[in-house]
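So the sequence lines, in the order shown, correspond to chains C and L.
To convert, note that position 8 of the first sequence is 8 in my numbering; the numbers rise steadily by one, no gaps.
To convert, note that position 387 of the second sequence is 387 in my numbering; the numbers rise steadily by one, no gaps.
Treat the hints loosely; a few may be bogus.
The list makes no distinction among identical chains, and a pair is therefore deemed to hold if it is satisfied within one copy or across any two copies.
Claimed, not checked - When the alpha-carbon atoms are kept at most 30 Å apart in a straight line, the in silico DSS-like pairs for lysine-lysine are as follows:
{"hint": "1", "residue 1": "K115", "residue 2": "K376"}
{"hint": "2", "residue 1": "K68", "residue 2": "K358"}
{"hint": "3", "residue 1": "K256", "residue 2": "K174"}
{"hint": "4", "residue 1": "K97", "residue 2": "K347"}
{"hint": "5", "residue 1": "K358", "residue 2": "K33"}
{"hint": "6", "residue 1": "K256", "residue 2": "K22"}
{"hint": "7", "residue 1": "K174", "residue 2": "K5"}
{"hint": "8", "residue 1": "K22", "residue 2": "K259"}
Treat the hints as calculated values from the structure; they're not laboratory data.
If you're wondering where the values come from, they're calculated on a predicted model, not measured in any experiment.
Number of protein chains: 2
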Amino acid sequence: MSQEKVGVAIIGCGTVGGATAKVITDDIAFINKRSGLYLELTAVVDRDVAALTRQGLDESLFEPEFQKVLENDEIKIVVELVGGLTIAKQFMEKALKAGKHVVTANKALLAHYGKELFALARENNAAIGFEASCGGGIPIIKALTDGLLANRIDAFFGIVNGTCNYILTEMTEKGQSYKEALSAAQKGGLAEADPTLDVNGMDSAHKLAIMSSLSYSEHVNLDDLSVEGIDKLDIQDIKMGQELGYIVKLIAAARKTDKGLDLSVSPSFISTDHPLARVSGAFNAVSVYGHAVGHTMYYGRGAGGSPTASAVVADILALALGITQNAFNSLTCWPDQTPDAQLIDRKDSVNRYYLRFKTDDKPGVVAHISKLLGDKGISISSMIQKETEEPVSVVIITHEAREGDILDVLEEVEKLNEIRETPIYIKIAEEHQETIA
Amino acid sequence: MSQEKVGVAIIGCGTVGGATAKVITDDIAFINKRSGLYLELTAVVDRDVAALTRQGLDESLFEPEFQKVLENDEIKIVVELVGGLTIAKQFMEKALKAGKHVVTANKALLAHYGKELFALARENNAAIGFEASCGGGIPIIKALTDGLLANRIDAFFGIVNGTCNYILTEMTEKGQSYKEALSAAQKGGLAEADPTLDVNGMDSAHKLAIMSSLSYSEHVNLDDLSVEGIDKLDIQDIKMGQELGYIVKLIAAARKTDKGLDLSVSPSFISTDHPLARVSGAFNAVSVYGHAVGHTMYYGRGAGGSPTASAVVADILALALGITQNAFNSLTCWPDQTPDAQLIDRKDSVNRYYLRFKTDDKPGVVAHISKLLGDKGISISSMIQKETEEPVSVVIITHEAREGDILDVLEEVEKLNEIRETPIYIKIAEEHQETIA
């Protein structure tokens, strides 16, 4: 397509739409020179021209009717930045049916309907760019489908939600409660007024579904994922973890095991020595362990208009260069072409765990807990009992154990008369062992 | 090329050649399934079949005559892993002239002769893959030419030599002298018997030349670079830096300034808060600051057979998929198509500096040094004088200053009667300011 004009239409002029429009207008001379392409922003579709003026865009770009975009043969690439699952899906389907390539940052849409949308793209000789769907400006999708293509992915661990990471960083560094940190995030524009999808882990789960589908060439069903958010985290556990050399992060984790994929989103302790532990505030990062390359990590801003626009425009360029289509035509990792993933039962996930019990300070309680763990074959790596007011906090770090066994023990422990609260358990995300020769 | 057989020949069966051959034999079923290609290792060229058996490869792959590779039409991709500047160049030229794509990990060759080799590739409708030339298994070339393509690169800072980083990590963590740490690296196989190219910074300079040429679409002449190695580093400065909150790393740095590119390789202090400070041992990482994406970082093993093979095979796949050719045909960042870079004079590089003076403990010396700095308009951020035996060490951290002014002052200071040694100065690599909106 080198010399032919490649028209681009952006649908949805919010923060990312506005930032994308700005990059491909203000910087278009630079981008066309660097890429050798002749790219042009043809239209920005939104309900009201005010959406464009709010973003500082020229009103002449305004196009209220999506149908006009579909009918314009100059427009080769449609950028869906509407968000959500309903209208966005309709826009995307219509664009693909019109034979236009689509770029999207919509992780929810791809996690739910990726299979059918990719199939629709294939039927129409089009392709979908979705770098911006996971990790904002970080080129993690390209790493998985290109840079690491020769690798079997042993595991990956991602901090992929900037809102959660900001809240956890505030809690860790300033000792704030979850509520205080969430409120700070909202004031700073780093959390939505309704932050549910972020803090309950679902946004991370969408990204986990997309990244694991690509990594393992198996279709991961969103409903099968084990998902836990940060909204129930107690500052006490964050502080206790810090004393033990751990930092809590919301980790989207994927590990290949003999029995299937072990996929989860959960607040997890990670050693302060691990590079992921240093990823603070609104930044995101994904550690990927490949069988040949060993440990690699990708770091950057996981959200925000301009960083996300960087990924959106990279997708536009890769589509215009024909690169995406080449990969799309040949690679077998796209969700319309892969068998369903075999996931292990959450109960069979094997990890080390942090356990905390609130108990009356009576003799025999700790011995009882230890016995219950021992009966399940769970050995204790370390134990701390703090000299505090009653009820006392007892923290146990276990060696590797099945999550199911841990849950069974906690259920038994909770029945003890001396136990004052439902016991807390937090997974420890270990440094994954590299398997390179 | 999807269904057509893509024959691959590897030239040079050392550590990386052997590891690459293993990946595309042992894992070929996986790779072909995942990529949708029909790739086959056709031949491994070396002087003696023993080179193959040492790497555990099947002798049937052995091909002593490179000419046979050139004549074999099934072989579409030639992987140059000979190293060095002479024979490697001849092999590469012959392969390109025969219309074959070339993959190489040879940074020295590309830094010296990239311009003519890329032109030769273009003449012959072939392309060159060189992901493995910078950062080993880290897909940093793809990040610069693909994932970050929409960005003007404000700056990048790379730890791109595993040998140096291992030595510096040993010095920092164990308090070893340079000689002790080098010797440990050699025993552990992490430094060559003759480590000159690594420790004198030239290997990092090769990578800096390649990465900056791509980032700025300007041809960087290797001879124009300011290059300093780690071989003269004193453990005393590493310890003093640690006390001040800095870690020393060999940094390949590129910054775009109003006057031109500021490119250098030098041991530099970096704040312990910066993600690069945590990159330890044989690992490499590159921090890239794009105008839209802000700060991104890429981390992984910068050397070693298997990690480098990961990058080499990714290049083979991207060539076989036609992706490399698409980019090569359109992007304007390749060294045969770019104007010469305008570099600033090293003296005009503006940084904060760590200065150390060994001086007799006499009144007035520090005042004199301060005056000399002040006369050049250099202000002092902090100063430490340690209560030690004479001569005493005085450490000064400056605010931003021209390197030329610093050098002028140091020359004057050295003339003072009380000064016992040539003063030490080490650049401080600041957290680069993001320019995103």
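Hints and how they fare:
Taking the closest pair of Cα atoms, K115 and K376 never come within 30 Å of each other, the shortest separation being 41 Å inside a single copy and 66 Å across copies. With identical chains, the CA atoms of K68 and K358 are never at most 30 Å apart, being 63 Å at best within one copy and 75 Å at best between copies. In this homomeric assembly, K256 and K174 never come within 30 Å of each other (Cα to Cα): the closest approach is 36 Å inside a single copy and 36 Å across copies. Taking CA atoms no more than 30 Å apart as the test, K97 paired with K347 passes in neither setting, with 43 Å inside one copy and 59 Å between copies.
When the C-alpha separation of K358 and K33 is checked against a cutoff of 30 Å, the pair qualifies neither within a copy, at 64 Å, nor between copies, at 52 Å. For a Cα distance limit of 30 Å, the shortest separation of K256 from K22 across copies, 22 Å, qualifies, whereas the shortest one inside one copy, 41 Å, does not. Taking the closest pair of Cα atoms, K174 and K5 never come within 30 Å of each other, the shortest separation being 52 Å inside a single copy and 59 Å across copies. In the homo-oligomer, the alpha carbons of K22 and K259 lie at most 30 Å apart only across protomers (26 Å), although the nearest pairing inside one protomer, at 48 Å, exceeds that limit.
Violated hints, listed in ascending order, are 1, 2, 3, 4, 5 and 7; each of the other numbered hints is respected by the structure.
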